Amino acid sequence: MRPERRLGALARAHRGAFLAALSVSAVTGVFAVVQAAVLAHLLARAFLERPEWEALGPGVGAFAALVVARAVLTWAGRRLSHHLAARVKAALHGELHAKLLALGPAFTRGERSGELIATATEGIEQLDAFFSRVLPQRVVAGLVPLGVIVAVALKDGASGALLAVAAPWVPVFMILIGKQAQARNERQWVELRRMAAHFLDVIQGLPTLKLVGRSRYQLEVIGRMTERFASTTLGVLRVAFLSALVLELVATLSTALLAVTLGVRLVSGTVGFEVALLVLLLAPELFAPLRALGAQHHAGMAAATAAERIFALLDEPLTRAERAAPRAVPSRMQVRFEDVTCQPPGSPVPTLEGFELTVSPGERVALVGPSGVGKSTVLDLLLGFREPSRGRILVDGVPLAALPLEAWRKQVAWVSQCPYFFDTTLRDNLLLAQPGAADAELMRILREVELGPVIARLPQGLDTPLGERGLRLSGGQRQRLALARALLQDAPLLLLDEPTSQLDDVTEAAVLQGVKRLLGREKTLLLVTHRPAPLRLADRVVVLSGRAPRTPAHTASALLHRAPLVGHS
Amino acid sequence: MQDTGSGMGLLWSWMRVTWPRLAVAALLGTLTIASSVALTAVSAGLICHAALRVPLAELQLAIVGVRFFGLCRAGLRYLERLVSHSATFALLAKMRTGCYRALEAMRPAQLRSLGRGDVLSRVVSDVETLEHFYLRVVAPPVIALAITLLTSALLAGWSPALGLRSLAVLGVGLVLAPLLTWRLSRGAGAAEVQARASLKAAWVDTLQGAGDLLLLGAQERMRARTGQELKRVQAAQSRIASAEGAGNAVGVLVGGLIPLVLLPVALDLVRRGDLGVADLVMMVLVPIAALEALAGLPLAVQSLGHSLAAARRLQALGLGAGGAEAERTLTHAEGAPGPFALEACELRFRYDAEQPWVLEGTSFAVRTGTFAVLTGESGAGKSTLLHLLAEAQAGHEGELQLAGQDVRDLDEETRRRKVALVTQSPHLFNATLRDNLRLARPGATDAELHRAADAACLTGWIASLPDGLDSWMGEEGLRLSGGERQRVALARALLQDTPLLLLDEPTAELDTETEQHVLAHLKALCPQRTVLMVTHRPAALACADVTFRMELGGGVRMDCLPVESHRPLEDPPGRHEGATPRQSPRTFYS
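Protein chains in written order, with the UniProt record's numbering: chain Y, 1 to 569; chain A, 1 to 590.
It is possible that part of the hints are untrue.
[Unchecked claim] Heads up, simulated DMTMM-like pairs for lysine to aspartate or glutamate below, C-alpha to C-alpha not over 20 Å straight-line:
hint, chain 1, residue 1, chain 2, residue 2
1, A, 231, Y, 125
2, Y, 99, A, 448
3, A, 94, Y, 125
4, A, 231, Y, 122
5, Y, 410, A, 128
6, A, 231, Y, 490
7, A, 94, Y, 122
8, Y, 99, A, 220
9, A, 94, Y, 220
10, Y, 410, Y, 463
11, Y, 99, Y, 122
Derived by calculation from the structure, the hints in this document are not laboratory data. In this text, all values refer to a predicted model and were calculated from it rather than measured experimentally.
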């Protein structure tokens, strides 16, 4: 379905708001026509009879009432069309939010996130013009010109015929010239956005440009690009504006033609003055809505482009189909990968191929291997962020795919490479993992991850606000806090992804000691690391290598002795 | 950071440059509507005279006039659109280059802190907001005022009383409609901008924290937050829409008021014989035609709010304020290579006066030709130190020398030839890999590029790319992992071919094998070049000629303790020696 049609369908889904906005717009348009008719009547009487002003009383009263009604309608129409836009935007917003979370971090993280955020914020905002301006204007442009032609034809057949002949040329020419110009016009539009993107790129890369001494040079590039764009765009606009020129020509020339023919007919006495005046007043009302519609062409085009991106996201297939009858989550954490291959859609090579692994309950396994070999993919699969394209994962014999995702995730604690924190207090962030935990318990765990002295130095202690995304903490502190949060969570399976990458070796050793104590004997641990020190947590080290897809389990000893370690326990 | 006032100053300073074109555009806009008014006047006159049965010959002039003004209006509108768009582009070019120049003159430290807060992308969207400043904000009131005066003057030609009344009614529309819109939406524009920023932040959190949100079962909490932020945005937008609607309604009322105010007077004049009856209708229809000029005002007011907010933000950043600090006389001379590639003595630095010192009393030196490693707890100021060396745009106290020259005395070009830096999150541009690499050495041959790529362990990766060196990078191109990104930046820095190479955790995201390869290449650069590398990784520490440890003791006190080269690091040196910091920094030279 074309994006514009789908947008229309979305608007119709909010039936009440849709009908209210469009009917008020239509009625406002009709009122404009009626107001012109009453004015023509008043002026004709004034011209023909030259009465006292007071004698025009009833007509004047009707006119004033019409004007006030139309003013109120105008205001209400703007409000209603805004209301319609707001309703549709809010619905899309919620849908997109749910969809992106359902697609999960495997889809949303990384460089793509910038584009996704732009789509979710500016993209949805660009739809506003479609619902609040383009759509109502289309209704007006569809109804009012027809109404005017009919009204004129009823009063004066000849003038009606003239308008009926002139008016269709407007859409015909707009389509003819528009079609020709549109392709170029759209390319130009894309070019404009690209130029803005270049500007953003250069500004964001400015520190880098300065480092390599190329920042002054870009000043010329920006100036040149903008100038070149300006000259080519003006060339295109010369054609694009032709459709507006035709519209204007048809509008003004048919008004002029009407005035001249009416004048001649008035002299010969074949038409009444009031009718002539009415036709003259109504003719511009025919073209005004078309002109207003043309002025919103760009807003409509931007909305269609944005809609295309939004709909593409909403239509993105979910990798995991929800089961009709989900199985209960087993309490024993025996995790088994059977010949698991994972190849994300669109990726030329699998990120993990033929992976076999069995982790017994309470076992601690470390995954090592060169970057890009699929260690994080293993964790993603367990977390349900990705689905295997071949093979299966069993939890105590039950396929992971048959487990209800939310219940399963409750059994898993995870420390990612860049953990997320809410912009609330330190305590709130920890309590998210274990609601109702006592302060003493929190402090015990914080001490184990070497955050004790850090918290002690904070004047507000556990009540310290963490700031946006926890940015008031350093990278290493955030990592330790994430560990604390994961350990606090009462989950039998713990997944750690490079949990100490930002710690210096002394702190790392101490933190790992704490983690070891907190793990106890029951928790199952799967750990991904590049660093040697965390390997001490593991009972078994599994080496993933790109070349041999079926990976045997190695012992840790070789790896442990390869690099010197700092900080002994 | 001077006048952060209304933002108007900044806008004028940009508009001043393109004013001739803007004036022509405004004139054309006025003439367009004027022809429309004239068309109405002449056609009304035409049918009124015709209704009085004057001979057809007497109508000839009016008939020609009607056709002339009809053509004029269409042609002038076309011209006006071309000229105003060309002026808009000129203004846009001016704004872009102006902003860029101001940002370019900023201290890199300041730029980086702006980049973190997403301020830079806001600069870009602010400039985009201002793109239509002339078309949407400046042109409508200028043209409206001109048309109001012209129309009233025209009517005054028949009767001063009519002219005055026309001025009064149109004046109400000219002033009241925008004023009402302004009054009703006051603060809503700023509120909307602010709410949209919070909404965006909520989305950033949703997407970047998606994994943790799902695992902690906090999706609902997040959905509630984004929903809440959206409500705030929409509340502000609703006020704005309502205000705009009110402004439009005032326009409608003024249109209705015109006949009510002008017709009684005109009738009276006709009855007294002071006005020909043929002109009666025209006296009412002309001001109504002029209303077209007033239609854009409510929208202009609304855009004005957005534009001023955008301009104020740009101005608050110090953009458009001319240049930054005055250029100092800088040396271009290449000093003779001294014994030390870099020296710091009692170095102190903080990002601004209200913040604590990041570096306080840092002293150390790196001998020319050594492979030095800088390690220590996160937050100790290691990255800051590297940036100071590579960017050295003042702000620090104490001494900081590159090859015997004070960094403050080096101009950008000289510094670029002396020192290259690979940051933790290097930027790759929307361009091919080749262009991204060549940035550091514009004339580099493919052979040179491949050599640098090999040193950064990128050869296999490049071979796997669809278009090799011509593959597209950046936002619109390939999605690079953190490790790949850093290696591309490393290759770029190697191409820069500087005697001193500064690396900030270049191997943090590499596996052991790749790391060994990269380290071996870096090591081989010495002693022709000097390498200073910030790292925590044992492999790097193991192959360093010298290791410095920065410590975060108590507050932000720092000591650098050299470790003998090639000594395996069984013991954490900081734990022993850090306990009794030595006092005379000069003795720490390797």
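Here's how the hints hold up against the structure:
no.	hint	in the structure
1	A:231 with Y:125	13 Å, holds
2	Y:99 with A:448	47 Å, violated
3	A:94 with Y:125	27 Å, violated
4	A:231 with Y:122	16 Å, holds
5	Y:410 with A:128	45 Å, violated
6	A:231 with Y:490	36 Å, violated
7	A:94 with Y:122	25 Å, violated
8	Y:99 with A:220	13 Å, holds
9	A:94 with Y:220	12 Å, holds
10	Y:410 with Y:463	26 Å, violated
11	Y:99 with Y:122	18 Å, holds
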